[in-house]
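Engineer: Sequence:
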Amino acid sequence: MNNKFNPDIHHRKSIRLNEYDYSQEGLYFITMCVQNRENIFGDIENHKLTLNPLGEIAQKEWLNTINIRDNIKLHEFIIMPNHIHGIIEITKNKSKPEDNQGFKSPTQTIGSIVRGFKIATIKQIKEYISKGELQFAPTSERTDIDKGELQFAPTIKNLDYKIWQRNYYEHIIKDEKAYKNISSYILTNPERWIEDKLR
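Using the working numbering, read the sequence shown as starting at 15 and increasing by one per residue.
Honestly, the hints are just simulated from the structure, not real lab data.
Check before you lean on any hint, since a few could be wrong.
Claimed, not checked - Straight-line distance between alpha carbons at most 30 Å, and here's what the computed DSS-like set of lysine-lysine pairs gives: (1) K176 - K106; (2) K191 - K87; (3) K176 - K137; (4) K87 - K74; (5) K145 - K74; (6) K106 - K62.
Model the full assembly from the supplied sequences, consistent with the hints where possible.
Structural biologist: What follows is the structure, given as structure tokens:
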């Protein structure tokens, strides 16, 4: 099977449909890119991905999605140095519109899920940097940087903490073949890092 990503098949460019209800049950392939494609989440060396603390924050917040919304299942995903791929499944909504304390449950559209994830990661990363929790050895080929210096912190601050590109890419997965192809693409993404168009 050819696992190489084909934009004509997987629709990396957004094709958001005006009449489509993105809160309905189904499987969605999501891609979110870092502002200016900066490599802030880790490194890839010899096809192996190593997350730094900011990448670990992104991973934690992605996994936390299922704790916030009870009609979400997370399938394959990967945190790359400058983008995230993931498959989100929206299932039947089990939550009530309002709980006993009068708090409304979060909206369940793909857009709201992505927006909530981005807000959470920005908040956690800002707190991480503002607390000066930068004491870790750089990874990969960054041995020339003094230990304890977070090389991408100035980059993030220069971006005014606009960590994410404004939009995101999505594709509605319609059958098992598409699911298998996209799942394979996600899991083998580090192997194609050198030629990845998102670099």
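Engineer: Need the status of pair K87, K74: alpha-carbon distance at most 30 Å?
Structural biologist: Since the Cα atoms of K87 and K74 sit roughly 15 Å apart, the hinted pair holds (cutoff 30 Å).
Engineer: Please verify whether K191 and K87 have alpha carbons no more than 30 Å apart.
Structural biologist: Holds, at about 19 Å.
Engineer: If you draw a straight line from the CA of K145 to the CA of K74, is it 30 Å or shorter?
Structural biologist: Holds, at roughly 19 Å.
Engineer: Is the Cα-Cα distance between K176 and K137 30 Å or less?
Structural biologist: Holds, because 11 Å separates the two Cα atoms, which is no more than 30 Å.
Engineer: Hinted pair, alpha-carbon criterion (30 Å max): K176, K106. Please report holds or violated.
Structural biologist: violated (33 Å)
Engineer: Against the 30 Å threshold, does the CA-CA distance of K106 and K62 hold or violate the hint?
Structural biologist: violated (36 Å)
Hint compliance for this structure: hints 1 and 6 are not met, and every other hint is.
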